[in-house]
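Participant: So the protein sequences, as listed, match chains V and Y. Residue 1 is where the first sequence starts when you use the numbering used here, and the numbers rise one by one after that. Residue 1001 is where the second sequence starts when you use the numbering used here, and the numbers rise one by one after that.
These are computed hints drawn from the structure, not numbers from a lab. Incorrect hints may appear among the rest.
Chain Y stretches covered by chain V per the calculated footprint, using a threshold of three residues with CB under 8 Å from any CB of chain V [stated by the list, open to error]:
#1 1001-1008
#2 1027-1041
#3 1052-1064
Quick caveat: nothing in here was measured; it's all calculated off a predicted structure. Think of the CB as a built atom: it goes at the ideal place given N, C-alpha and C, for glycine as much as any other residue.
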Amino acid sequence: MIWDEKSECMTKKEKEKIQLERLQKTVKLAYENIEFYKKRFDEIGLKPEDIKTLKDIEKIPFTTKSDLREAYPLGLLAVPREDIVEIHASSGTTGKPTVTAYTQNDLDIWGECIARGLKMAGAKKDYIIQNAYGYGLFTGGFGIHHGGNKMGAITVPISAGNTQRQLDTMIDFQSDVLTCTPSYAMYLGESREKAGISLEEINLKAGIHGAEMWTSEMRKRIESSLGIKTFNIYGLTEVMGPGVAQECSEQNGMHIQDDHFYPEIINPENGETLEPGQNGELVLTSLTKTGMPILRFRTKDLTSLIADKCKCGRTTVRMTRITGRSDDMLKIKGVMVFPSQIEKALLKVSGASPNYLIHVTRPDILDEVEVKVEASKELFSDEIKEMEKVEKQIQASIRSETGLRVDVTLCEPESLPRSEGKAVRVIDERKL
Amino acid sequence: MATQISVFIENKEGRIKKAMDTLANAGVNIRALSVGDTTKYGILRLIVSDNETATKSLENDGFIVKESEVVVVAVPDKPNGLNSTLSILDDADINLEYIYAFVSSQPNEAIVAMKVEDTEKAIKVFEENNAKILKKEDLEKI
């Protein structure tokens, strides 16, 4: 089932032609209307006319999150304010929020991208989409909503939280698709089991999850605890929101809507462009947005591209599961560690909960890592000896995954921060 | 033999109190208690009046609870009393995992709860040596 076969199954030649036309148009729009881009281009003597091939995109300087922060709140508009119809913003947990403004055209594109993803997940016009992404400045809730509207499906704007109501809604409305963060999906699955609701009582078929990192082990748990097939979705506020890319039923890489967003992979250390298949940082350029076009945005997300045609028939380029963030990467005792590796290690220990918190300190000159893991009935024993065995087992699993010796502390269930928004996974208290 | 319940207690202010509040609210009486502790967490071990109610109420309040079998023996309340009981285990080469004692309503005896490597074997040797093993019904009378 393909939402827009014409756009999603183009030949390489057709696509490159459209991408180049749209890139040239976007560059011109940005250069002529946004002070920031004009200054950046002029500094290196670059003119919009210099973009003659897709490869020429490499001449354009990168845009970073801090550039967007400096332009806060609406310094990067390419159109008069009267053309803007909606605004979203990042949470601003790591600094000033970054804002994205949309024209009606932009919202239509957003809805189109999401609708393509809903179709990949098997949704149809008569499907009920239980949208448990947060509604508000966060792009998750409204993004899915626009897509549901575009498809003409029935969107239930339940937003995140109120777990009891989520479960009631699944039963009463017989929702077909659940959209929310993976950690919340996992929580809902656990809550369903806890509440003694059988899988027969609910009718969920698919889950579209993203906005935070998750592993294939987590996927298995969500799929079995909710009886669904899950689809990884990708996007970011700075570029649009969710829907930039999503998995199809092959679950083999996320299809980037590359007629709307041009992807590149670069070496995060030196900015050099890498080939498909090579792992590096994803850089995105919007090709059709008019409100706030964005050129070569450094996403900080580490992934690689798959250029081959997918078994599903789509030719849109795919990106593999995000393996980490170039700024999320922890360097502990000189070793590169990603939180996802810890999660993977935990899921290998039977009975271990994938809810964890990495606490890094440097009391003296050496880094110390404590991994707090929620204990469970399976892990618990009345004997200290047995508990120590469990801690050692977790420790060994983390060691084989990351090469690091960490201190493992078991804590009470549901005592770690989690689930309705983005999960807090790392507390780094080193003064570097 | 008796069933003991163990509760996982994070090393955090007020957690034991919280567990006690839960049991008090559920109307559960505690017969005996011991805490095995490490620097990071503790294991609260309890012999209570009503295991089912205790487990349910603690789990509802987010605690991890586990039931396990312990051997409960009355020992004479005099020097060498406990020692003679432990000698029985020792002679049979049975390892003791942990032990805790509590008072009895009988004036001349104390009660010990023991977690041993091999519960069945321990009961057998205690019986052979005429040690006074307390059962569930006996504990209810304490």
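Participant: Of the numbered hints stated previously, which ones are contradicted by the structure, given in increasing order?
Facilitator: Violated: none.
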